[in-house]
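Make the full structure from the sequences, and use the hints.
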Amino acid sequence: MRKDIISSAIGILVLALLCGIIYPLVIEGVSQVAFPGNANGQLVHVHGKLVGSKLIGQNFADIVYKHGKPEISDGNPVTTPDPRYFQTRPSGTTPADNDAATTFANYGPNSTITLAALKSNIATYIQLNGKYYPGGLTAGKVPVDAADTSASGVDPDISIANADIQAYRIAAVRHLSLSTVMGLVSKYTGLRGLGFSGEDTVNVLELNLALNRITGNN
Amino acid sequence: MTFTGWFTIFAFVVILTAIAMPLGRYMAAVYTGEHTFLDWLLVRPERFLYRVLRVDVNKGQDWKQYAKSLIIFSLAGWLLLYLILRTQTLWDFTGLNPMHYHSAPWNVTFNTTSSFLTNTNWQYYGGETTMSYFSQMAGLTVQNFISAGVGIVVAVALVRGIVSRSGKSIGNFYQDLIRTILWLLIPMAIVIALVLVFQGSIDNFSHYLSFKGVTGLPNTIAMGPVASQEAIKELGTNGGGFFNTNSAHPFENPTGFSNFFEMLVVLIIPAALVFMYGRMTGNRRQGYAIYSTMMIMFLGAVIVCYIAEAHGSPAQHAAGLHTAVIHGSSGGNLEGKEQRFGTAGSALFDVVTTVTSCGAVNSAIESFTGIGGAVPFANLSASEVIFGGVGTGLYSILLYVLLAVFIGGLMVGRTPEYLGKKIEAREIKLVSLGLLITPLTALFCTALATASKAGRASIDTAVTGHGPQGFSETFYAYLSQANNNGSAFAGYTGFVQPNAGNLGSHGITFADILGGFDMLFARYAPILFALAVAGSLAGKRVSPPGLGTMRTDNPTFVVLLIGVIVLVGALTFFPALLLGPIVQGLTPHLYS
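Taken in sequence, the protein lines are chains A and B. Just so we're aligned: the first sequence equals residues 6 to 223 in the numbering used here. Just so we're aligned: the second sequence equals residues 1178 to 1769 in the numbering used here.
These aren't lab readings, by the way, just hints derived from the structure by calculation. Just so you know, even glycine gets a beta-carbon here, dropped at the ideal spot from N, CA and C. Accuracy of the hints is not assured; some may be wrong.
Not close to chain B: a few residues of chain A, all C-beta gaps over 10 Å, as computed [unchecked claim]:
no., residue
1, LYS71
2, TYR90
3, THR185
Simulated crosslink set (DSS-like; lysine-lysine; CA at most 25 Å straight-line) [stated by the list, open to error]:
no., chain 1, residue 1, chain 2, residue 2
4, B, LYS1717, B, LYS1606
5, A, LYS8, B, LYS1345
6, B, LYS1389, A, LYS74
7, B, LYS1236, A, LYS8
Derived DEER-like restraints, expressed as beta-carbon distance ranges [to be verified]:
no., chain 1, residue 1, chain 2, residue 2, range
8, B, ARG1462, A, LEU55, 31 to 39 Å
9, A, GLU76, B, VAL1191, 51 to 59 Å
10, B, LYS1606, A, LYS8, 42 to 50 Å
11, B, ARG1228, A, ILE27, 55 to 63 Å
12, B, PHE1184, A, LYS8, 34 to 42 Å
13, B, LEU1625, A, ILE26, 22 to 30 Å
14, A, HIS72, B, SER1629, 46 to 54 Å
15, B, PHE1184, A, PRO41, 32 to 40 Å
16, A, THR117, B, THR1592, 55 to 63 Å
17, A, ILE26, B, TRP1283, 20 to 28 Å
18, A, ILE26, B, ILE1473, 39 to 47 Å
19, A, PRO41, B, LYS1606, 54 to 62 Å
20, B, PHE1184, A, ILE77, 32 to 40 Å
21, A, ILE27, B, ILE1248, 51 to 59 Å
Structure below.
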């Protein structure tokens, strides 16, 4: 018994040192040397200023002002999607100054709460894109990724179908030809891993920054 | 459903088997003391560790000594982890608490400590809003290694008991644990972590980044030593996310390739252990029979889950969405799923992490369709024997094998024998207790949580609504914790942020404590029974196989084994499953 207690006490401390300090430090060190861009989050800078990470989806929206002041609801500023930008997927993650707390929305499959959320997402999407899309949009034409909440809440990607619909709006609002915008969409389309794993994705941050470079916005 | 979706599943099975076979051979060498290619590097550190720990590994341990060492070592691990987590700010001098997070309160820490110790990694906290980098590394990562190691050594000890021909020794706990960590877990984790960083996982000690996004909105991105923890989290079938959204977070699981890779990493040791078992018994076909059993049940689960998720949910259809495949979109139920994984990558990941005791999630299980969500339920109901957790899977299915041999023996009217050893009343009693204790614990806790006022407060009706979903959530919580899985219908108790406001809530303290005991009891009781079986079988006389010996390495036995597993699981859990996921899967009705 006493022997076991001594061995266990020493053992747990030694293994904590090995697995909890040495191992993570080695991985961190090698990663920083071998893949510094990846290890630090694939950060994107514009004119030397940090604007985001390629891997973290952000909200391309503007703060709503009321009587010259930002409108606040539940302690967070109310925002409206900026039509000049491709929009990321709906998110359950609470916004802004939250030390990056990501969270699932946890909408159940048989819940009226889910139905209400889906309807609201669909309405927002149709309101934003419907008038630019030839023939208009109905719920049946909205790609599922545009209506369904993402898992992480910071999904950086949208589907090709979603990007293609939004391309009509972007072209009109930014006075670009549709083929220019579609060209950018395919330029920033990532193909599924190994040719089969996962789905094709369009990276929204890269696409929007490319648009800004073309039209001279910042 | 798409061709690439089905192909992903096919490729996964082929590649997994191709890697698991040689790894099983390597592991057999590690545990039987044969030469391996890493010996030149590791033998000296190994001997050094034995000296420091003051253990004499030449002395074998019988099952009681083995169990005693394991329990005392686990207790030491529990205390150290609890201490580190509760003194989080004390370690600020290391510079590894850039956000200056305070410790989570005692109830959350009790749950978290028990959770990581038992390889469950159930999380009643959001990683990036609670834990310092120091706690993540020196606290949680350490138990990710050790709890995996403890699971593996119990399996190895049971295998030794089954094959040993003389003496009562089933090995030495400290030697097995240290060899597992040095020869297996650390070398593999290093390679895996670097592959993940190559794919885009982060690994740094930076402060969280605050900035203004493209449209000028304020934004914060969490940082940290993610890849090193992610690697062992998947390899050790632990599953506790660095971030709250676990493997759905792009920094944990950045690409379609990393998703595929992580799934392989989760299953690789549980699969290899089965091949190791075949080699250690001296009859590889014994391993193939168990592998086939697991693979058949695994494929059944994947196929059902993928079809259900690709079909879409009642809520989607009510909202007028088309869930069929169209050009540029995979369709299906993408609620709570990431675009880069799609429905196939999410369904497969879900099955991989719920058949094992991993419990990592790359999508919100709560948002799976009724039938898609019933699959993880069924996987948990099979008591984690479809590959199962590292080690736990093998020792649990070996208990089922003994039970199947016993039932088969009764059917043909012969004394049941396994690998030449008589299976007698004592073994069957221990096996039955070992197998029943987990389901009993899960059902008892679920009953307590749904029948008591404090328990019902854990159901967050604001998100869940009133209906079967609340029951599903509760049942899943205690089933997952009892099986040391750790995945969740994450709406249970709502979004808990230990540093934020909703802590005082009654339901959360209740859930913390009940869950903590649920995990500890359902982990250590079966371990003790498995070791007792090992002790009981060790040194038993082996009789040569005769004409009437029931074979345990042919398709007939595979069918019998599947039958026993399904029967026990179904008889135990079917009534409870009916009340939750099955009712949801059978009705298009929406609940408010």
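Structure-based check of all given hints:
Look at LYS71(A): its CB is around 17 Å from the nearest CB on chain B, clear of 10 Å, so calling it non-interface holds up. Listed as a non-interface residue, TYR90(A) fails to keep its Cβ farther than 10 Å from every Cβ of chain B; the least gap is roughly 7 Å. Listed as a non-interface residue, THR185(A) keeps its Cβ farther than 10 Å from every Cβ of chain B; the least gap is roughly 19 Å. Restraint check for LYS1717(B) and LYS1606(B): satisfied, since their Cα atoms lie roughly 17 Å apart, inside the 25 Å limit.
Among the hinted pairs, LYS8(A) with LYS1345(B) is consistent with the structure: their alpha-carbon atoms are about 21 Å apart, no more than 25 Å. For the proposed pair LYS1389(B) and LYS74(A), the alpha carbon gap of about 18 Å is at most 25 Å, so the pair holds. Proposed proximity of LYS1236(B) and LYS8(A) is supported: the alpha carbons are some 14 Å apart, at most 25 Å. In this structure, ARG1462(B) and LEU55(A) break the distance hint of 31 to 39 Å, their C-beta atoms being roughly 59 Å apart.
Taking 51 to 59 Å as the suggested C-beta distance range, the pair GLU76(A) and VAL1191(B) conforms, at roughly 56 Å. One distance hint, 42 to 50 Å for the beta-carbon pair LYS1606(B) and LYS8(A), is violated here, with the actual separation near 31 Å. Remark: the range hint 55 to 63 Å for ARG1228(B) to ILE27(A) is contradicted by a beta-carbon distance near 19 Å. At about 55 Å, the beta-carbon gap between PHE1184(B) and LYS8(A) misses the expected band of 34 to 42 Å.
Distance hint check: the CB atoms of LEU1625(B) and ILE26(A) are about 40 Å apart, inconsistent with the given range 22 to 30 Å. Our hint of 46 to 54 Å for HIS72(A) and SER1629(B) holds, since their Cβ atoms are close to 50 Å apart. For the pair PHE1184(B) and PRO41(A), the supplied restraint of 32 to 40 Å holds, since their beta-carbon distance comes to about 35 Å. The beta-carbon spacing between THR117(A) and THR1592(B), approximately 59 Å, falls within the hinted interval of 55 to 63 Å.
For ILE26(A) paired with TRP1283(B), a C-beta distance near 26 Å keeps the hint of 20 to 28 Å intact. ILE26(A) and ILE1473(B) have their C-beta atoms about 43 Å apart, which keeps the hinted 39 to 47 Å range intact. Distance hint for PRO41(A) and LYS1606(B): a CB-CB separation of about 59 Å, consistent with the stated range 54 to 62 Å. For the hinted restraint 32 to 40 Å between PHE1184(B) and ILE77(A), the CB-CB distance of approximately 49 Å leaves it violated.
Here the CB-CB span from ILE27(A) to ILE1248(B) is close to 27 Å, at odds with the stated 51 to 59 Å.
Checked against the numbered hints given earlier, this structure breaks hints 2, 8, 10, 11, 12, 13, 20 and 21; the rest are met.
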